[in-house]
Structures are given as structure tokens and as C-alpha cells.
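There are 4 protein chains.
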Amino acid sequence: MKKIDLVEKEKQREDTGFGTIATSTSARLVNNEGNFNVKKIGQSFEARVNLYHKLITMSWAKFAVFSLGFYLTVNLTFGIIYYIIGIENLMGIDKNHGLSEFWEAYFFSSQTLTTVGYGRVSPVGYITNITASVEAFIGLLSFSIMTGLLYGRFSRPVPRILYSEKALIAPYLDINGLMIRIANEKSNQLINVEVSLTFSRNELKDGLVKRAYYNLPLERSKVKFFAMSWTLVHPINDASVLYGETLASLAASDAEILLAFEATNDTFADPIYSRRSYLYNEIEVGKKFLPMTVPQEDYYLLDLNKLSDTIDAKLNA
Amino acid sequence: MKKIDLVEKEKQREDTGFGTIATSTSARLVNNEGNFNVKKIGQSFEARVNLYHKLITMSWAKFAVFSLGFYLTVNLTFGIIYYIIGIENLMGIDKNHGLSEFWEAYFFSSQTLTTVGYGRVSPVGYITNITASVEAFIGLLSFSIMTGLLYGRFSRPVPRILYSEKALIAPYLDINGLMIRIANEKSNQLINVEVSLTFSRNELKDGLVKRAYYNLPLERSKVKFFAMSWTLVHPINDASVLYGETLASLAASDAEILLAFEATNDTFADPIYSRRSYLYNEIEVGKKFLPMTVPQEDYYLLDLNKLSDTIDAKLNA
Amino acid sequence: MKKIDLVEKEKQREDTGFGTIATSTSARLVNNEGNFNVKKIGQSFEARVNLYHKLITMSWAKFAVFSLGFYLTVNLTFGIIYYIIGIENLMGIDKNHGLSEFWEAYFFSSQTLTTVGYGRVSPVGYITNITASVEAFIGLLSFSIMTGLLYGRFSRPVPRILYSEKALIAPYLDINGLMIRIANEKSNQLINVEVSLTFSRNELKDGLVKRAYYNLPLERSKVKFFAMSWTLVHPINDASVLYGETLASLAASDAEILLAFEATNDTFADPIYSRRSYLYNEIEVGKKFLPMTVPQEDYYLLDLNKLSDTIDAKLNA
Amino acid sequence: MKKIDLVEKEKQREDTGFGTIATSTSARLVNNEGNFNVKKIGQSFEARVNLYHKLITMSWAKFAVFSLGFYLTVNLTFGIIYYIIGIENLMGIDKNHGLSEFWEAYFFSSQTLTTVGYGRVSPVGYITNITASVEAFIGLLSFSIMTGLLYGRFSRPVPRILYSEKALIAPYLDINGLMIRIANEKSNQLINVEVSLTFSRNELKDGLVKRAYYNLPLERSKVKFFAMSWTLVHPINDASVLYGETLASLAASDAEILLAFEATNDTFADPIYSRRSYLYNEIEVGKKFLPMTVPQEDYYLLDLNKLSDTIDAKLNA
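Protein chains in written order, with the working numbering: chain B, 1 to 317; chain H, 318 to 634; chain E, 635 to 951; chain C, 952 to 1268.
Calculated from the structure, these hints are not laboratory results. Hints should not be assumed to be uniformly reliable.
Claimed, not checked - Derived SDA-like pairs (lysine to any residue); straight-line CA-CA distance at most 25 Å:
1) 858/E <-> 947/E
2) 379/H <-> 290/B
3) 623/H <-> 555/H
4) 224/B <-> 1191/C
5) 604/H <-> 586/H
6) 604/H <-> 534/H
7) 326/H <-> 947/E
8) 844/E <-> 669/E
9) 39/B <-> 379/H
10) 604/H <-> 569/H
11) 1238/C <-> 1224/C
12) 54/B <-> 615/H
13) 991/C <-> 54/B
14) 1257/C <-> 1020/C
15) 222/B <-> 1152/C
16) 1013/C <-> 687/E
17) 940/E <-> 345/H
18) 858/E <-> 536/H
19) 1239/C <-> 1170/C
20) 1013/C <-> 1143/C
21) 357/H <-> 945/E
22) 371/H <-> 473/H
23) 326/H <-> 854/E
24) 371/H <-> 945/E
25) 922/E <-> 945/E
26) 288/B <-> 1258/C
27) 1013/C <-> 54/B
28) 960/C <-> 290/B
29) 527/H <-> 505/H
30) 688/E <-> 676/E
31) 1046/C <-> 725/E
32) 224/B <-> 1143/C
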């Protein structure tokens, strides 16, 4: 029956969630950092800004600058307020200490914000006391938030999966295979690892260029332990969508290979995810990977520098 | 055999956990915020109140008011206690500072609660010292709790999945399909997305109105990446429970479509869940969605404002 | 082949992890709180004590006593140390304040531990200064730990699944079924719920009493949403191990039914687990559950008080 | 077809992620603590050091030393800075207190770092005030980080699965089986337990020694509850790779058995993982485990000391 056929066929079509919009651009789906190459407009302010997400994922350098900047800004703001209220409400200020009146207010603000409260200078009068009370509250609240942010940053699972620079078309048993080599750069232990490869290219259909997606079945898509390196192999047999493809045909169709990596980090028993894409110009034909493990007397040695090392290899017919 | 038949048939019946109680009401199962439309009586006090749950899920505005209110209340309470014990036990109070005796006690309380402890005013005497010791302990404990609450609020996975305002009956291949379009409003990356649709309506059975539930199989119920928008499609072939249904028949049976969304948030590697329901009056016939992705030179642009944009489309016979 | 047969048969045997040790006792496998009814000897000190686990799972009342006790003990200990070192090293102590010397030391300790540090009394001399420095460090460390403990206690998933007091043998379609009714007492939303039932009894085999385990297949073992109550049904057809059993035979074999409940808590997207067991004397024959849902105009009302309400029901032959 | 055969055969080969590199060494894959016996070179500084991971996984003794050392170092560093700036900027220092000027600076530093701030000594002058402001900020930040580290350490799932010292070849039904006994040393409740066994040995293939891996199917690889001990059984039927092996042949091929354990910790509903390997010299033939559960009147008693207790047992032919 014709109806069922079309629906069934559609169901079997591979889909990665990137859609099939015709594109003549050479935009990658996933950029080099493993992020989706997508921008959004029409987000609400809250969804667009998402301060917590930014504070957790920004670099440590930026985070340090942000934290210090926040501290100094609040400190300064309250310092100015005390100065405006009038430093006659700060008991204990004394010209002999060599600080100008503003800086006395500023350092009083600092001692209040951190709750050090030496007390040489102390607030008198309603408004100054109220301000000091608010500042101490804000100080404690800020360090509460800082505690959460620091824990969030430290405990966030950040995998460091290394991917070979190139995907290779290499001899594999008595046929050829697409090969990518991966390793865990960190010293932590990854277990229950699962990997999937998706092949994507432009296809001409009814006069329209559409993006098509194909799963590339792997020789082995799961391993129990990820202790060494792992060479992913998609066997290019006659059932493979890569069968008969050349570098030229891959370039002509803007081909891209998407790799999705999932594992469990044994230290915290939490899942980690990583992604990488290979554009057509990151595929090499007729090479194979050199070994990167060096057996030692009583342990195994993995040399991560050799991850992308290859030599020429004659392909099978 | 008859016995097996009935049991087997019952096993295949769809059930969402809402039960099959006959209802003549038009109560939705899931309200607009995606919450179950259920109230409970007979809960224990602890289960009903569940302060932590409330403090984590209340709005930021309410939470700020609650926090400030708590701080001021504790501050005031201890201020009153010091005042009642007698301000002669607060050394350093001095009329020249322009504060009434009560306010001196109040601000001493404030300085103790935040552990600023300037020390201009300090406690003497047993009872005042004990009270101050308790207040400082409560202060530190409160900020410990506040730290946990703030981290809990920030780190709670709050998905912002956008759903098209209407579910459409649109042409799909050579038949028609029920279509709903969804997108991720946030800029974070969602992976391993899974969606299910359940159709629910009143049915007359043995003279009783019962609520019946049917799974609506999707053309595709999982995608690896949720980078763009995603149009969910339930093909209305002759096996579909929607086959032959009209807007009138859907209204007559109080029809409701339940959508359950699950995904993994890549940033924290944690799962997220979202729900949405479409009542019969949120279904439109003979429309299809307009594109919302705009390809750019070197990235993809998703216009969230166009999520619910449709045009008329002639249905297949 | 005989060998394969025995091994295959063994593989199909149900096992819950409680083993098959012959027992003539009437010890339950799971007690009323859902905990395994097992004690261990030979645990290492660390495994047996497991302070964190205890501090997280003890009642709030006990935890409050423990916290306050810890605070007072540390406070007192350091107070005694300051007193022994000699209160001449605490500057600012003055008989006019009406406190004995020991209590001055005690309250100084308190002000140091909480980092209030008013400074009326302050340390002089090496040993007192070092002690104060250590006490402030311990104080901050303690409140760091307290923060973690409080967050751990609050964020720990504590399901409150209500189980009907009795398991019923009730009419089900044209046969009978074992029925247990459950509900979620909390107001949070549980999704992706899965339940399993295991039947356990003593059996005489080769002259030895052994404990045997059987899975009781459910009419439905998963629901997407757990919004209302849910009546679990094991159909007692002729394939069921309960077929032909009577209350007398269940009692004679020390029968016990184990219920394992798993779900996802939607608020925090975390999994929850609950267990319950029914001994033979908690099974009733010829009863069925009364409805506990009351449909309202625009919402559903679930009366938890009616969870265990039953009426007599004539069983099918 | 020849091509398919080779590829299919390769797909069925067991792989644990340790690769098949020829080794003449006797290096274990997994050491006694369950860690991979692998070292890496070429890691980036960040991946190699991974301070958070180290601080979370180091022993409590080391962590205490590290924390105290950090506190004293920061304290001392700032003490030196105040001393260098000049103690004339620390108001309140007075020779009569019996402390040298440096130690006055040191204890002032201590009071600032912990935010105690007694105030007997307080900063005057720009540079000293700025330094004190920075130190108080660093102090609060450090205790924020400490809070996160302590929570991370406490809440990290650390399973204590006990494994029998030896793996046994014991009679099993009418054949023999490889048996390993495990128990949970902790008092917490483990559920949904899953175990897998992998057998690894050197094999001579085309003149090269390669490492081969085989899954050892278990009589039962999952249990719902892990309340008692659990004896894992791999039946050695003629389909088993161990069929016909002797202790001598296992030793000759450097045989190793890898055990991977997964479960859910019921208290926190989090997953836990454990590993153990048995080298050929940790396998005993013709022994069986003695019971370790002692039934009591109204509970079960598990004696962990008996986990590795065995007696001789005549093997089946």
C-alpha cells in the first residue's frame, strides 16, 4: 500500500534534530568546540541572559575578574553612600590616621561587607546604621551565592575528550573503514562509553537542495571501560553510505561527520557528553593510525601526543 | 481463550496515570504551566507544606521578599529581647549618638546576626551574652541554609521549551498528520531528546462515560540534538485514533492531547522534563507551519518569534 | 541435553538478592519503613559508622540537638582552654561587668567561634592568640560542613508514597487479581513511574525448606504520569503463581509480597525509590477498592484518606 | 560472502576498551583498588593537575593537612605583608602585650582572614587597609571553596563493595561454575544491581601475541535488591571460554578476570560503580563458599568476615 510505504520510509530517515533546510552555505552544524552552530532571535530576556549559566561556563579568568569587580563595585557603592550620609555618623574617624574622609568611609564599607567589623570605626545614627545593616546582609548573601557558583563551577562535568585531527579512510580487515581515534585526556576513569557517528550532506531532491542525514554504523559503539585510546571504525561495505564516495564528491556535497560521545565519569558517577564534527576537508584517504600505547613492565603507558599520528596505508580494493 | 483475551486487551490499553474516572467536567489534565490539574486532601502536614520545595520553586521576587522578611524578623526579635533584658547590659551605648535605646539594641542585634560585631556596643551580663551567642549561631545557620537554598534554586533544571500555540492537522506526505512545533528558548544545548504524545477523550462504555487514553505514534520520537526547531508529526493513517475525527467530534468528547518532553541538558549533563497539553480548541485544521530557520553565511539562525506562524494548506484526501 | 536444561532453568528462577537460605523464622525481608531487614557484622569502623550518612538521614529533631550540642561543646572546650591559659591574656575583662572570669572566657570563645569578634575582650599573648586563631578556623570550617549537611538533607529525595494497608484479592475483568493501591502524598509531580511485584515463600525441596521468589507480572507496570492514585493489578490467571492459593496456604508458607517503586521527581529531575512489603496477614480476599478521586468543576480532587477504603466484592470463579 | 563474515566476526569480538596490544608483560588491567593500570603522557597541564579532582579524592588525612597548610600559609603571607608595610599602620599594637611586632601582624592577619576582627588592632593607612580588604575577601572566598569541597567530598558516592579474595571453580548444578562472592560493606541499601564479568588473556595469532577479551555470561547478572551477599556464577558449560582451562593454562596466558559492578544507592538515589580484577593466581579450583548468612528470629544477620570462607568441594566431571 502506497501510504504506508511513504510514511515508513520517512520513519527510517535519519534525523539529528538539525532539520533538512536547503542551504547553499558552508556552515558547520557543530563548531570546533563541540557547540551547535546556531543563533537564536526572539528569546525572552531571561532565556537570553541566563546569568547563572554564563557564570558557571565562563572561563576562570573572566570569573575572577567578574567576582573582584562585583566586590569592588559593591564596596565602593556603599562607601559613597556612607560618605554622602555624612562621615560624622562614622564614629572613630580621626585625621591623624592619614586617610582622607572618603577612604575612611570606603574601608569602613569594606569591613562591613566582609563582616570583619574591626570596630575602630563604627556606625552611629539611624541612616548609617541601617545602611551598614543592609551592607552586611548583602555581603553574606553574596558569599552564599559565591559558594554556590564555585561549587557549581567545580562540580560541573567538563569532559576533555581528545579527537584525532583527521578522520581517516583506512584499510579495515579485507575492506576499508572510516576511522577516528579518541582518548580521554584527563586522568579520571570513564566507563560505559557510547559513541555514535552521523553523516550529513547536501542532496538534490525534486530540484531542491536538502540536507540529508545518515547513521554510520560502527564496528563497536560501546565499551565498558575507556582506559586507553579507542579507534572508532565505520566499516565501508556496500551497505555504507560512504561506499564509492571520493574526497571530491564529499566536498561537492558539503559533507560533515558528527560524532556524539557519552560516558560515565567514575569519580562522581555522573554522565558526561562530548561532541565533535569533521568537515569533508578533515578526512584523509589511505592513512592509518600509528600505535599510541607503550606497554611497560607493570602498567600501560598512553602517549596522548601520538593521537593523530598516521602513516600511509594501501587501501583494499 | 476468553480469559487471556480480556487481560491481554487490558494490558494494551494506554494509561497515563490519570485513571479512567468518568467525568462530565471540562477539567484539563495538565494546565498551561505543564502542572497536573490535581488537588489533594488528606496529606500530612509535612507533605502538604514541604517548605524546601516551596522555597526552591517560588519566584525570585517572592524569594527576595521572604529572605529580607526573615532577616528583619529575626533581627527585630533579638533587638526586642536585648531591650527587654535591659540595655544596661549593652556596654558602649551613649545618648550622644542620637539613637534611642531601642534602636541601639536593634542595631546591636543586626551586628550580631551578621557577625559583623563592630564592638562599639558589646554585651555584658550572663543573659545578654547568652542571647548574643544564640543569635550569632542562628545567623550563621541561616546563611548556611541560604547558601543551600540559593544553590538549589540556581542549579534546579528549569527547561524553557517553547510550544506552538496550536496543534495543526496538516498535509503530511500523501496523507495528513497532527503537527506540533517545539523549540528550546534557552541558549544551552539539549541532546538525546525524546517526546511522546497521548490522546485522551471521553468515551461512552456500558452506559458510563469513561476517559480513554491512546498513544499517538510519532514519525520520529527521538533526536540526538535539539539545536533547531522540531516539528513533531503524528501520521493520521487509518491505524490512527484520529483518523476520521473532526473538530466537532473532538469537542464533543472533550479531547485533550498530552505532550511529554524529556532531554539532557548538555551544560550540567542533567535531565530535564517538560509537559504541555492541547485542548480540542487548540487544534487547527488545514494549516501548516512556516519555516523559522534562516540560513546565514556561516551559522544557522533560528527565529523563535515564528514558532507559531502558519499558512493555509490543502489537506490530502 | 540435560546440562543445558538445569542451567537454563536456574537462569529463569526469580531472584531478588535476598538469597534462598532455608529459614524457619517469620522474619520479613523488608520492614514497614521499606528498609531491608538485615543486620551486618564484620563491617569496618568506617563502613559501620558512616557519619555523613547518619547526619543526613537522622530526624530533624535529632539533627538540631546534635548541631546545638556540637556548637556548645566546641564553645565550652575553647572557653575552658582560655581559662586554663589564664584570663590575664584576655584583655578587656573587668569585674564590673558582673561575669565571673570563667564566663568571660566562655563568651569570648563564643564570639570567636562565630567570628562575631566584638573586641571588647580580645586576646593577647602567644598561646591565647594561637588558640583564638584555631577556634575561628574551626568555627568557619564547622559552618562550611553545616552548609553541606543542610543542603544534603534538604536536597535528598525523600519520596512519600502511600500504600494501601492491605493487598486485595479482588475481581478483575472475568478473573481475579491481586490489587494494591498507591498514591503520592506530596504535591510534587512524579513522572515515568515503574513498579514491580515479587512474591516470596518457603518451599520444601529435597527435604530442605528454601525461600523461593516469583515475579508477579502486572497488568501495567509503567505509567508516564503519577498524578492520581494507581491501582496495581496482578491478574491471577492460571499462569500466575497465586492461582489456587488460599490465605491458609499463604500463611503456611510465610508468604511475602515485595513492591519496588521507581519514579522521577519532576521538580529536581531526580530519581526516587520506594519499597513496601505485604506479609500474608496483610492480604484480604473478596474486597475491592472504593474510588478516591472526586471530579470537580475545573480540577481533579484526590482524597488520600480513602486510599485503603474497600468494600466486599464477589470474586469470579 | 567473505566480506560480511569478517566484519560480522569482528563485531562480535568482546572489547573492554583496553585494546588488543600485544604485551609480554604481566601488567594487570585493573589494580587492587579498582583503578585502571594506565599512565598518560602528553596531557595538558590542566588535565594532568585537575586540582578539584585531587582535592575531592585525596584521603581525609591529606585533606586536613592541605586545608590547615593553606590556612597557615595565607595567614603567614599576609602577616609578612603587614609587617613589611610597617606595623605603625596597625593601630593598637602595644609592647605591653608581650607579643613581638611580627606576631602582632601575624595575629591581626589571622583575625582578618577569619573575619573575626576583634578590633583591638585595626588597620590605618591606605596600603594596610587595602591589604586587609583583600585578605578578608580571600578569606571568605576560601571558605566558600572549602564549603564546596567538603560537600563534594561528603556527597561523592564511595561504594564499599567487598569481593571474595579468590574466584572459585566450584561445582554448580550438574556442571561446574566460576564463582565470586560479593557483599555491600556499608549499611546503606543498594538496589538495581548489575554485574558483568570479562575474561582476558594473551593469544597467539599470526605469530603475534594479542590480548583477547571474552564476556563470561552469568547465571544471573541483575538483582533488584542487594541486601545479603551475592554469589556470582558463570556456568562453565561447553560454550564457555573457560571450558577445559586449567590453572596452568590460565597462568601461561596471563589470564585476568574483570568484574564491573553497578548499582543505585537508595539513600541519595545516585548510581555507584565498583570494579575488581582477579589474576590467574587468585583463582582456586575445587572449593566452594560457606554460608555467611545467619537467620535470626526476626531479622537476617550477614557475617562479612565469612565472605571469603570456603571448603573443599568435589567438582563435577
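Status of each hint after checking the structure:
Restraint check for residue 858/E and residue 947/E: not satisfied, since their Cα atoms lie roughly 30 Å apart, outside the 25 Å limit. Among the hinted pairs, residue 379/H with residue 290/B is inconsistent with the structure: their alpha-carbon atoms are about 61 Å apart, more than 25 Å. As the CA atoms of residue 623/H and residue 555/H are separated by approximately 32 Å, the hinted pair breaks the 25 Å bound. Taking the CA atoms of residue 224/B and residue 1191/C, the gap is near 20 Å; set against the 25 Å cutoff, the hint holds.
For the proposed pair residue 604/H and residue 586/H, the alpha carbon gap of about 37 Å is over 25 Å, so the pair is violated. For the hint linking residue 604/H to residue 534/H, the alpha-carbon distance of about 21 Å falls within 25 Å, and the restraint holds. A distance of roughly 23 Å separates the Cα atoms of residue 326/H and residue 947/E; the hinted pair therefore holds under the 25 Å criterion. Distance restraint check for residue 844/E and residue 669/E: the Cα-Cα separation of roughly 22 Å lies within the 25 Å cut-off, and the hinted pair is therefore satisfied.
Of the pairs offered as hints, the one joining residue 39/B and residue 379/H is violated, with about 33 Å between alpha carbons and a cut-off of 25 Å exceeded. Of the supplied pair hints, the one linking residue 604/H and residue 569/H holds, its CA atoms being roughly 22 Å apart against a limit of 25 Å. About 28 Å separates the Cα atoms of residue 1238/C and residue 1224/C, which puts this hinted pair outside 25 Å; it is violated. Taking the CA atoms of residue 54/B and residue 615/H, the gap is about 24 Å. The hint holds against a cut of 25 Å.
A hinted pair counts as satisfied when its Cα atoms are at most 25 Å apart, and residue 991/C with residue 54/B does not qualify at roughly 32 Å. Between the alpha carbons of residue 1257/C and residue 1020/C the distance comes to roughly 42 Å, so the proposed pair goes past 25 Å and is violated. For the proposed pair residue 222/B and residue 1152/C, the alpha carbon gap of about 21 Å is at most 25 Å, so the pair holds. Under the criterion of a C-alpha separation no larger than 25 Å, the hint pairing residue 1013/C with residue 687/E is consistent with the structure, at around 22 Å.
Of the pairs offered as hints, the one joining residue 940/E and residue 345/H holds, with about 23 Å between alpha carbons and a cut-off of 25 Å not exceeded. With a CA separation close to 20 Å, the supplied pair residue 858/E and residue 536/H stays within the 25 Å bound. Between residue 1239/C and residue 1170/C the alpha-carbon distance is near 16 Å, which keeps this suggested pair within the 25 Å criterion. Annotation: proposed proximity of residue 1013/C to residue 1143/C is violated, straight-line Cα distance about 34 Å (limit 25 Å).
Proposed proximity of residue 357/H and residue 945/E is supported: the alpha carbons are some 22 Å apart, at most 25 Å. The straight-line distance between the Cα atoms of residue 371/H and residue 473/H is roughly 13 Å, inside the 25 Å bound, and the hint therefore holds. Our distance criterion of 25 Å between C-alpha atoms is met by residue 326/H and residue 854/E, whose separation comes to about 11 Å. Of the pairs offered as hints, the one joining residue 371/H and residue 945/E is violated, with about 38 Å between alpha carbons and a cut-off of 25 Å exceeded.
Taking the CA atoms of residue 922/E and residue 945/E, the gap is near 6 Å; set against the 25 Å cutoff, the hint holds. About 49 Å separates the Cα atoms of residue 288/B and residue 1258/C, which puts this hinted pair outside 25 Å; it is violated. In summary, the hint linking residue 1013/C to residue 54/B is not supported, as the alpha carbons are separated by about 34 Å, beyond the 25 Å threshold. The suggested pairing of residue 960/C with residue 290/B holds, with an alpha-carbon distance near 24 Å, which does not exceed 25 Å.
Restraint check for residue 527/H and residue 505/H: not satisfied, since their Cα atoms lie roughly 42 Å apart, outside the 25 Å limit. Between residue 688/E and residue 676/E the alpha-carbon distance is near 19 Å, which keeps this suggested pair within the 25 Å criterion. Using a Cα cut-off of 25 Å, the hinted pair residue 1046/C and residue 725/E holds, with the two alpha carbons roughly 14 Å apart. A hinted pair counts as satisfied when its Cα atoms are at most 25 Å apart, and residue 224/B with residue 1143/C qualifies at roughly 18 Å.
In summary, the structure is inconsistent with hints 1, 2, 3, 5, 9, 11, 13, 14, 20, 24, 26, 27 and 29 from the numbered list given earlier, while agreeing with the others.
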